[in-house]
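Just so you know, the protein sequences line up as chains G and X, in that order.
Letter 101 of the first sequence, counting from 1, is numbered 101 in the numbering used here, and no numbers are missing.
Letter 73 of the second sequence, counting from 1, is numbered 73 in the numbering used here, and no numbers are missing.
Hints were generated in silico from the structure; no laboratory data involved.
It is possible that part of the hints are untrue.
[Unchecked claim] List time: in silico EDC-like cross-link candidates among lysine to aspartate or glutamate, alpha-carbon distance up to 20 Å:
#1 G:K178 / G:D161
#2 G:K196 / G:D214
#3 X:K33 / G:D156
#4 X:K33 / G:D208
#5 G:K178 / G:D43
#6 G:K94 / G:E61
Computed from a prediction, not measured in an experiment: that's the story for all the values here.
Here is what each chain is made of, one letter per residue.
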Amino acid sequence: MNRFYVVLTVVAVVLGITVFMLLRTGGGAPAAAAGPPPTVADDGFRGYSLGQASAPVEITEYLDFECPVCATFATVQLPTIKEQLINTGRVRWKFRDYPLPIHKYSRFAAHAAQCAGAQGRYFEMQDQLFAHHQWAQTGKDPSSLFRSLAQAAGVDLNAYDACMQAGRYAQRIEYSRKEGDSLRVDGTPTFFANGKKLDFRRLPGSDDFKAIADSIIAHARTPKPRS
Amino acid sequence: MRHRQAIALLALVGLFVALYLWLHALGFGGAIKCGASGGCETVQTSQWAVFLGMPVAFYGVVGYLALLVVALAALRPTALAQRRWNSLLAALASVGFLFTIYLTYLELFVIHALCRWCVGSAVIVTLTWIVSLLSLRSPGIRTDPAASPQQPGPRV
Numbered sequence: 001m002n003r004f005y006v007v008l009t010v011v012a013v014v015l016g017i018t019v020f021m022l023l024r025t026g027g028g029a030p031a032a033a034a035g036p037p038p039t040v041a042d043d044g045f046r047g048y049s050l051g052q053a054s055a056p057v058e059i060t061e062y063l064d065f066e067c068p069v070c071a072t073f074a075t076v077q078l079p080t081i082k083e084q085l086i087n088t089g090r091v092r093w094k095f096r097d098y099p100l101p102i103h104k105y106s107r108f109a110a111h112a113a114q115c116a117g118a119q120g121r122y123f124e125m126q127d128q129l130f131a132h133h134q135w136a137q138t139g140k141d142p143s144s145l146f147r148s149l150a151q152a153a154g155v156d157l158n159a160y161d162a163c164m165q166a167g168r169y170a171q172r173i174e175y176s177r178k179e180g181d182s183l184r185v186d187g188t189p190t191f192f193a194n195g196k197k198l199d200f201r202r203l204p205g206s207d208d209f210k211a212i213a214d215s216i217i218a219h220a221r222t223p224k225p226r227s
Numbered sequence: 001m002r003h004r005q006a007i008a009l010l011a012l013v014g015l016f017v018a019l020y021l022w023l024h025a026l027g028f029g030g031a032i033k034c035g036a037s038g039g040c041e042t043v044q045t046s047q048w049a050v051f052l053g054m055p056v057a058f059y060g061v062v063g064y065l066a067l068l069v070v071a072l073a074a075l076r077p078t079a080l081a082q083r084r085w086n087s088l089l090a091a092l093a094s095v096g097f098l099f100t101i102y103l104t105y106l107e108l109f110v111i112h113a114l115c116r117w118c119v120g121s122a123v124i125v126t127l128t129w130i131v132s133l134l135s136l137r138s139p140g141i142r143t144d145p146a147a148s149p150q151q152p153g154p155r156v
């Protein structure tokens, strides 16, 4: 065989093995961050909150990052709610994770948000994950996209990578999901107002939450009858 | 002949670079190996990573494969003396080179991120293009008349 073809064959084999190894070790969604942890521990964390601590109404939202309705709510309804209720000091909004088992990457996305949160960028990462929600429709491994979104959210990627590889917040997310189970969360998004579960027949908007906040604030102001 | 061999070798290396990027774009293998800069992810997840409905890397795979096949075809003993293969290789390399200029412009001035794999491919395409131009200027291969099949002579 001509020496050139021998060289060409050797190069092809070496490059083929290299590409295979690169794809094999390319990371993927780190199992530690993508799957449920073997044990669950309460680290005392009760969700990231928007709004003033003194707000009379606390809405807790159980969300799944892969859920399209959650994405719609976050991108369409929540900005108005922020403007009208949260920024005005009437409502404090708390986010809890409730990754649904039918969604392959929701737990992984929740973990990405928590790793961003460790660097003070939870809300920025949440915005990125919901604003670029096409990742939830493709079914592709979103690890590289999430890194890119984390970078756009101002997250230090070295710390982010270490956090994701270690699955540092896997137990926290699982604790939140179990908490949701105990509160009879049966889908996402599910809302609680000052601990009371809210039932909506459709995706609620700012008017719904305004009415709820008004009602709670009015009841709180009603003087108790003298005994 | 050396030029055609060089083009075949460069096309083979470029083919695997493009293949890796294409397979990554299809969702194989998770995070791209690209260092900590994140430039590859920025480029690969940008709106420019898809051209006419297909990942840009797919066109790289097709282009490099075409160059490799043509270069190997041009290396057949019967094709060695035919200069039209040099023209075909130069034409293919020029198309790839122009496409690479466009992609590099996007990286530098639109996306503002550089992907190391894309830079590697750009270097390969540029070298291929230069070699293909040099092959156009090189003298044709002289064939040994003694080795060529004998022409039928006049019958006696």
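Quickly compare the C-alpha distance for K178 of chain G and D161 of chain G to 20 Å and report which way the hint goes. violated (26 Å)
Please work out if K33 of chain X and D156 of chain G have their alpha carbons no farther apart than 20 Å. Status holds; Cα separation ~17 Å.
Straight-line Cα separation of K94 of chain G and E61 of chain G no greater than 20 Å? holds (6 Å)
Regarding the pair K196 of chain G and D214 of chain G, is the alpha-carbon distance no greater than 20 Å? holds (15 Å)
Measure nothing beyond the straight line between the CA atoms of K178 of chain G and D43 of chain G; if it is 20 Å or shorter, mark the hint as holding. Roughly 14 Å between the alpha carbons, so the hint for K178 of chain G and D43 of chain G holds.
What's the verdict on K33 of chain X and D208 of chain G, does the C-alpha distance respect the 20 Å limit or exceed it? violated (47 Å)
In summary, the structure is inconsistent with hints 1, 4 from the numbered list given earlier, while agreeing with the others.
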